[in-house]
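Colleague: Chain by chain, the residues:
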Amino acid sequence: MLIKGVPASPGIVVGKAFVLKPETLTIPKYKIPQKEIADEIKRYMDALSLTRGELIGIQKKVEKELGESYPDIFSAHLLILDDPALREKTINIIEKENINAENAVAQVLEKIGMTFSKIEDKYLRERAQDFKDVGRRILKNLLGKQEETLANLADKVIIVAHDLAPSETAQMDKKNVLGFATDVGGRTSHTAIMARSLTIPAVVGLGDITQRIESGERIVIDGHEGVAVINPPKTTLERYLNKKKQLAVLEKKLNKLRKAPAQTTDGHIISLMANIELPKEVELLDRYGAEGVGLYRTEFFFLNRSDIPSEEEQFQAYKYAAERAYPLPIVIRTLDLGGDKFASVLETPKEINPFLGWRAIRFCLARPDIFKTQLRAILRASVYGKVSVMYPLISTLQELRQANKFLEEVKVELKKEKREFSQKIKIGAMIETPSAAITADLIAQEVDFFSIGTNDLIQYAMAVDRINEKIAYLYQPASPAVLRFIKHIVDSGHRKGIKTAVCGEIAGDINLTLILLGLGVDELSMGPVAIPEVKQIIRSVSIEEARKITEKAMSFDSTEKVVNYLKSVKEPLKLLYKSN
Amino acid sequence: MIEKNLKIKHKWGLHARPAGKFIRLAAKFKSEIYLEKDGEKANGKSILEILSLALEYGSSVKVIVDGKDEKDALKTIENFLLQEEE
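Going line by line, the protein sequences match chains Y and H.
Going by the numbering used here, the letters in the first sequence line up with residues 1 to 580, in that order.
Going by the numbering used here, the letters in the second sequence line up with residues 581 to 666, in that order.
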């Protein structure tokens, strides 16, 4: 059975599934004789201490693994555990009803759970989950049950779960984990980020895969295509094993190019950079031969938490990334919330057209408190490396000016406070709207570089909702319209003497590398694992060839013709396997 | 026992993280501390009770403090609820 999901971390793996299913706890109910009440209360208090020890242990592990900047959910868990309401109410019930601790805890949990479910606030309702998690831990400890963990895996397995929490991956016996397959999640969910940092294949958003497979059954996951195959027939299995073998050979070959520049046969050089979400991912730069971070997304910080991250917390994360990357540069993109992702803490109204609504720089300009806090943190981090700042979703020159005005204000504040920052910090605008693209010449005069966010640009240029399957056919990266937009942006930048990067999905798509090269793009920023392949393509052609191919491709009147031409003229896969 | 009515100015209301800070602050005092909103009373030292009040920016609350260090406690709590920054 083949299930389609979202590719979260590349690679192909075949193995036995380990299905993580939450077990239902049966709560016993029995009377406690009066003279044993004190012992029962002690048993309850012991379970609380045991739980506290567990939580502190996991908290330390998670911190060690993901860095201090990872949202700390365990402090909240500990506060709930130590809560007088939980503790006293449970003890009260044990004493008054002469009943066992498990039953008393369950009663209290149910009551508090009811109160929470009535709250309208989305964020608080989500916290009800923390509360349930803590309650479950206490009950397990009372029942003397071992928590089902990934800490002791006997075999090498592929973890199949509804979703993986940081507490679960932190305890995971990593040497025995071959890959992840989860019911829910997207490219930025914890499971996906974890898999990429462990460089194991992962497919997320597989719907109900946990219901369709049992532990021990064989499963294939293809992290390139984003599919999982349960109990594959022999022929299918062989096909995947073959693909895996080819990829391994290719990887070995490309790894030799790690230190080589992305240079065409006639000496034209472009920079290949990495897109990252967590400061720790800076470690991947060296492994894949990235020349810096072309896009450091900062939304991750703001999601899954109850408050906005403080200046200090952001500063520490940006500083870490800047220092670790040095002497390579990093480009920090300011908050790009909205559209399909919003922080639970920011009470934002529901919109009919969120992608055309209050998002990214529009939101930041209306919330200088949040925006300036982030700019301060970025500026302060700028002395620790080569840092640039980039604004997302600029639609007009006026927005850019307003953002720059805030940046100047923050610089003045910092000067007054005698805090250091780099005077040379570069400013970039993301060109993702047709309005910015068509006025790129105006915007170019007031920034140091452009970065084209192609995912949004394609969506806005084609007026296609990326998520709507009925019109998915219109999402065409290689359409004449999109290509003309990119050309116009790059040319406008070059005329004003600034460089243009491309940082959307297409930057890592080897089918489009030649045309981006031919269009004159100066820098490509992508998921770091895609860098070696893109580099190989660039190294196998001359800039002259790429320009000619691009010119011809630009003359076609349909996406189909462009795509077919690009495939036929220089087959990317052949270039990949070509020996140097 | 002293009481005081005030409006929460804390930018994020009392969501989990600020609520956590509030609890830790309240725990420093010997006095009993309660917050009351719309007739519902919550123990200021219980994260569960405070969260279930769903206090937001602009909510009106009554702070009730009872104990030896009630004056200090009230002052500290007032400062926390009225501060705009974290």
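Where hints are given, some of them may not hold.
[Unchecked claim] For lysine-lysine, the following DSSO-like pairs were computed, each having C-alpha atoms within a straight-line distance of at most 30 Å:
#1 Y/Lys-96 with H/Lys-651
#2 H/Lys-642 with Y/Lys-89
#3 Y/Lys-16 with Y/Lys-145
In short, the hints are calculated from the structure, not lab data.
Note that the structure is predicted; figures quoted are calculated from it, not measured.
Colleague: Are the hints correct? Go through all of them and say.
Modeller: Structure-based check of each hint:
{"no.": "1", "hint": "Y/Lys-96 with H/Lys-651", "in the structure": "36 Å, violated"}
{"no.": "2", "hint": "H/Lys-642 with Y/Lys-89", "in the structure": "24 Å, holds"}
{"no.": "3", "hint": "Y/Lys-16 with Y/Lys-145", "in the structure": "25 Å, holds"}
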